[in-house]
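Enquirer: These are the residues of each chain, in order.
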Amino acid sequence: MIDVERLEKHYGSFVAVDDVSFTAAPGEIFGLLGPNGAGKSTTIGCISGLLEPTAGRVRVLGKDVVVERRAAREQLGVVPQEMALYEDLSATENLRFWGAAYGLRGSTLTTRVRDVLATTGLADRAKEPVSQYSGGMKRRINFGCAIVHRPKVVLLDEPTVGVDPQSRVRLFEMVKTLVADGTTVLYTTHYMEEAEQLCDRLAIIDRGKLIANGTLEELRGQVGERDLLQLTGHFDAAAVEQALGAVDDVEVVQVEPDALRLALRDASSRLPALFDALTTAGSEIRQTTLTEPSLETLFIKLTGKELRE
Amino acid sequence: MSFERARFIATKDFLYAIRGKEALLWIFVMPIVFFYFIGTVIGGGGFTSGGEAKRPLAVRAEGSPGFLVAELERRLDENGFEVVRTEDETTFASHGRRLQIPDGFTERVLGGTPTPLSLERREVDLSSQLDEVRFVRAVYTLLADVVAAAEAGEEPTPASFARLAAKPRALTLVSRPAGERRRIPTGFDQAIPGILVMFTMIVLLTSGTSTLVVEREQGLLRRLASTPISRGEIVLGKWAGRMLLALVQVAVAMLFGALIFGLDWGPDVLMVALVLVAWAAFCASLGLLLGCIARTASQAIGLGVLTANVLAALGGCWWPIEVTSPAMQSLATVLPTGWAMDAMHQLVNYRAGPASAVGNTLLLALGALAIGWLAVRRFRYE
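These protein sequences, in sequence, are chains A and B.
1 is the number of the first residue of the first sequence in my numbering; add one for each residue after it.
1 is the number of the first residue of the second sequence in my numbering; add one for each residue after it.
One or more of the hints may lead you astray.
[Claimed, not checked] For each label pair, taking beta carbons as the anchor points, the in silico distance ranges come out as: (1) Val29/B / Arg6/A: 56 to 64 Å; (2) Val269/B / Glu8/A: 54 to 62 Å; (3) Ala365/B / Arg6/A: 44 to 52 Å; (4) Thr108/A / Arg231/B: 21 to 29 Å; (5) Ala365/B / Ser131/A: 36 to 44 Å; (6) Ala25/A / Arg380/B: 29 to 37 Å; (7) Thr296/B / Gln242/A: 55 to 63 Å; (8) Thr296/B / Gly162/A: 17 to 25 Å.
By construction, these hints were calculated from the structure, which means they are not laboratory data.
Cβ coordinates follow ideal geometry from the N, Cα and C atoms, glycine included.
When you get a sec, could you build the whole thing from the sequences and use the hints?
Expert: Rendered as structure tokens:
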């Protein structure tokens, strides 16, 4: 399991990770969801031992990653965001190298390399240089290199960026197989759909801070059954607040001169009444977007911005 | 610190480095090619002196040159040429050094008629002038004997020249080396140690540097940081991988230098090896440091090529430092290439004994440690 406790990472005055705490249990896929630059990779860096935390504590299977660095790392497999592979080497040679880096030798290493080639579906092209692989194949072998030593904890940092649908499905299957064997998986992504599809529990991170944490159902519960209505045009904050105060069960999530976000139940049937109230208050509506309850609506509700912004 | 893990990194780096054909070319082939070219240009197999091999000279005489040709040939032989007498034009033209003697040579010389002799060389190198000096010396001793025979009242004949040669000489010049060197160095004596020192540095400061930058750019170092291998083990492994590469290159170059170019590494070959080990260590540290400093692979290669060539030129790898100005010679004494080359010359050319190279070897080892320490401090995963 992974236990992150009040983790902080500062770069001078910039706070990349700010008081982040969560726990990922064995046999669980724990998702870390957030936009680019939110602090996901920095968190992964602190867990993997690449970065020294400024404050807080990270334990992997009970081993402190700073104090018991080597013991913690032996249990970890890290799938980095970039293709960290020796392009001139074949898949087999890459797997052998990374397996050996984790201490595997002899027949154990040979068996594991063969197993991982089968798992990743690359056995028939195992001897070709990785430079000749497609992007999806590289992603798979990038994943394979992290699991060749059978780690108890696997960290996946945005593993599906630039991956074709077929490889993405294969990657998801491989992750689910790991979890079925009792491995703890920490999965970072900025793709909401991936997080919803794959993760048992999730934490949402933005600007270094953890802003929500729980199962998918728990997080959806924070949004309630409310839809998210996003309007663009011209809005006066005070007038909007006053006009909507008279409308039942409408929450103003965010109001700016050119944008308005509202959370409300059964939005589609109530649009005419809302538009009347807003236009009466002097608002000018140019565009309307209605989103059903999801992690995206939760993220917007919590941060006032979209996940991909 | 586990040396087993460092050895693992070193072995991987070494095997990865020698996978590419380009790397093999620059590590093993190009130094040998440069041995030949540079060694030939600055004197090749060397000049004749004492017991050394003589330099072939084809002699072709036209018509009836007379008995003085044989006298001239004897003096050419005494001056270090191996005279190959031929009348066949094709055979004559195939030789690198050729002497053409005109018809009626003896008659014209004895008659006091100016007689042109034509000495041609195919190669033009630093030994050309010495060939000329020796040729002129042979001609002048012949003319001096002609004069001496005439003054003795003898008719110039083979018999009178033989009698003259049997007489004790009034003046005898004995020359011997002023320094420790007992043999005039060949072009290869200078070129092989110089090119070896230079190429070890070039390889470690270019490919050794750029591979580290590429590993950083591709996230391989970051990935390595997440394995149980510690930072210290990674740095030591990276250094040792480069060291291994340099040692293999040095060993191959020493072997080829001896077997192909006939270089005698001298009686203290173990000390020569020790100097080159210290030099390899210095280059491995410097390559690692440049790899830590450079931001891109092209920057790393540019930095490596520039550093290696400047140090090679100023340190005496391209030419004997003795032919440069006193200021340049002083500068070489504070450069690592200068330390390496001076140690090599002391051992290989002057045969001055192992103690003569101890100081420079220690300087190189200390330099390797100091720069290695800087590299450890500057080493970064990303």
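Enquirer: Hint by hint, note whether the structure agrees.
Expert: Results of checking the hints against the structure:
For Val29/B and Arg6/A, the Cβ-Cβ distance of about 59 Å falls inside the hinted range of 56 to 64 Å, so the restraint holds. The hinted range of 54 to 62 Å is satisfied by Val269/B and Glu8/A, whose Cβ atoms lie roughly 60 Å apart. At about 48 Å, the beta-carbon gap between Ala365/B and Arg6/A stays in the expected band of 44 to 52 Å. Between Thr108/A and Arg231/B the Cβ separation comes to about 26 Å, which falls inside the hinted range of 21 to 29 Å.
In this structure the hint that Ala365/B and Ser131/A lie 36 to 44 Å apart at CB holds, the actual value being about 40 Å. A beta carbon spacing of about 34 Å between Ala25/A and Arg380/B agrees with the range 29 to 37 Å that was offered as a hint. In this structure, Thr296/B and Gln242/A meet the distance hint of 55 to 63 Å, their C-beta atoms being roughly 58 Å apart. Remark: the range hint 17 to 25 Å for Thr296/B to Gly162/A is upheld by a beta-carbon distance near 23 Å.
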